[in-house]
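All chains should be built: construct the whole structure from the sequences, respecting the hints.
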Amino acid sequence: MCYESQLFEFTPQTCILRVYIAFQDYLFEMVLVVEKVIMKKLESMQGNKISHFRVRQSTEKYLHFMRERFNFLFQKMETFLLNLVLSIPSNVLLLEDKVHSQYSYSKEEFEHLQAETENLEKKCKAETLATQRLLAELEEQKHVQAELEKILTWFKGLDKICREHGNIDLKESFGFMTQTTRKLQDTVTEIDMKHKKTKVDGSTLTPICPRNRKGK
Numbered sequence: 176m177c178y179e180s181q182l183f184e185f186t187p188q189t190c191i192l193r194v195y196i197a198f199q200d201y202l203f204e205m206v207l208v209v210e211k212v213i214m215k216k217l218e219s220m221q222g223n224k225i226s227h228f229r230v231r232q233s234t235e236k237y238l239h240f241m242r243e244r245f246n247f248l249f250q251k252m253e254t255f256l257l258n259l260v261l262s263i264p265s266n267v268l269l270l271e272d273k274v275h276s277q278y279s280y281s282k283e284e285f286e287h288l289q290a291e292t293e294n295l296e297k298k299c300k301a302e303t304l305a306t307q308r309l310l311a312e313l314e315e316q317k318h319v320q321a322e323l324e325k326i327l328t329w330f331k332g333l334d335k336i337c338r339e340h341g342n343i344d345l346k347e348s349f350g351f352m353t354q355t356t357r358k359l360q361d362t363v364t365e366i367d368m369k370h371k372k373t374k375v376d377g378s379t380l381t382p383i384c385p386r387n388r389k390g391k
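This note's numbering applies: residue 176 is where the sequence shown begins, and numbers increase by one.
No lab work stands behind these hints, which were simulated from the structure alone.
Where hints are given, some of them may not hold.
Unchecked claim - Computed beta-carbon distance windows for the label pairs:
no.	residue 1	residue 2	range
1	Glu271	Arg308	48 to 54 Å
2	Glu271	Gln188	20 to 26 Å
3	Leu327	Ala305	28 to 34 Å
4	Gln199	Ser219	56 to 62 Å
5	Gln307	His370	55 to 61 Å
6	Leu323	Lys369	51 to 57 Å
7	Thr353	Glu322	21 to 27 Å
Stated by the list, open to error - Restricting the straight-line Cα-Cα distance to at most 20 Å, the calculated cross-link-like pairs of lysine to aspartate or glutamate (DMTMM-like) are:
no.	residue 1	residue 2
8	Lys216	Glu204
9	Lys215	Glu235
10	Lys273	Glu204
11	Lys224	Glu210
12	Lys273	Asp200
13	Lys371	Asp361
14	Lys282	Asp272
15	Lys251	Glu235
16	Lys325	Glu314
17	Lys297	Glu286
18	Lys298	Glu286
19	Lys216	Asp200
20	Lys211	Asp200
21	Lys300	Glu312
22	Lys372	Asp361
23	Lys236	Asp200
24	Lys211	Glu235
25	Lys236	Glu204
26	Lys215	Asp200
27	Lys325	Glu315
28	Lys236	Glu210
29	Lys216	Glu235
30	Lys273	Glu284
Glycine is no exception: its CB is placed at the ideal position from the N, C-alpha and C atoms.
Right under this line is the structure:
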């Protein structure tokens with residue numbers, strides 16, 4: 176009954192139960208109305224010896240009989256409703272399910288499509304992560320480019336100042352400073368090596384022990 180529930184938006188059993196409860200309530204109300212009418216007729220009759228208690232007993236017996244007959248008939252009606260009214264023939268498809276008849280596939284094909292879909296989802300996630308990393312790297316490169324542009328602007332300004340005050344080429348000045356720095360480093364290294372050599376030579380000399388003078 177799942178297909179019928181999809182179409183009707185309720186289960187056929189629920190519909191049958193509601194119809195049954197509605198009939199039961201209507202039957203009970205009608206029996207009470209009949210009982211009241213009988214009670215009024217009896218009250219208007221002279222020499223009436225039938226009590227209200229006997230009328231109520233008769234009403235309950237009648238209601239019990241009617242319920243038994245109703246339940247018997249309702250079972251047949253339930254079978255009729257479920258099989259002929261609240262059921263969809265096997266050859267009938269809903270509009271949203273016609274695509275399944277046009278593109279039918281087996282269980283193996285479905286599992287293959289499902290595995291392929293999962294694989295594509297993994298690739299899509301990996302490409303998304305790679306794109307995010309590339310965007311982050313691009314953003315970092317933009318910051319580096321901005322810093323480099325600041326440095327180049329500073330060098331251009333410095334070169335302009337040098338040319339205005341002394342006609343000095345900034346590139347030649349940096350080249351001269353680099354050569355001077357290298358020479359200073361070489362000189363410091365040479366002095367350090369000579370200093371170490373002097374220490375080693377001094378430690379190899381034989382120490383002279385002074386003589387103790389005797390008193391006269």
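Exercise for the section: Would you check the hint for Lys297 and Glu286, treating anything up to 20 Å between C-alpha atoms as holding? Expected result: holds (17 Å)
Handout entry: 20 Å Cα cutoff - pair Lys236, Glu204
Key = holds (15 Å)
Practice task
Just tell me: holds or violated, for the beta carbon distance of Glu271 and Gln188 against 20 to 26 Å?
Solution key: holds (23 Å)
Practice task
With a cut-off of 20 Å on the C-alpha distance, tell me whether Lys211 and Asp200 pass.
Solution key: holds (17 Å)
Exercise for the section: For the pair we were handed, Lys236 and Glu210, check the Cα-Cα distance against 20 Å. Expected result: The hint holds at about 12 Å.
Problem - Outcome for the supplied range 55 to 61 Å, where the beta carbon pair is Gln307 and His370 - result: holds (57 Å)
Handout entry: Range hint 48 to 54 Å (beta carbons of Glu271 and Arg308) holds or violated
Key = At roughly 41 Å between Cβ atoms, Arg308 and Glu271 fall outside 48 to 54 Å, so the hint is violated.
Handout entry: Hint consistency between Lys282 and Asp272 [alpha-carbon to alpha-carbon, up to 20 Å]
Key = Roughly 17 Å separates the two Cα atoms, so the pair holds.
Practice task
Verify the proposed pairing of Lys216 with Asp200, using a straight-line Cα cut of 20 Å.
Solution key: violated (25 Å)
Problem - Lys325 paired with Glu315 [C-alpha distance capped at 20 Å] - result: Distance of about 16 Å is within 20 Å: holds.
Practice task
Would you check the hint for Lys371 and Asp361, treating anything up to 20 Å between C-alpha atoms as holding?
Solution key: Holds: Lys371 and Asp361 sit about 15 Å apart, inside 20 Å.
Handout entry: Holds or violated: Lys215 to Glu235, with C-alpha atoms at most 20 Å apart
Key = holds (18 Å)
In the structure shown, a violation is registered for the earlier hints numbered 1, 4, 6, 10, 12, 15, 19 and 26, in ascending order.
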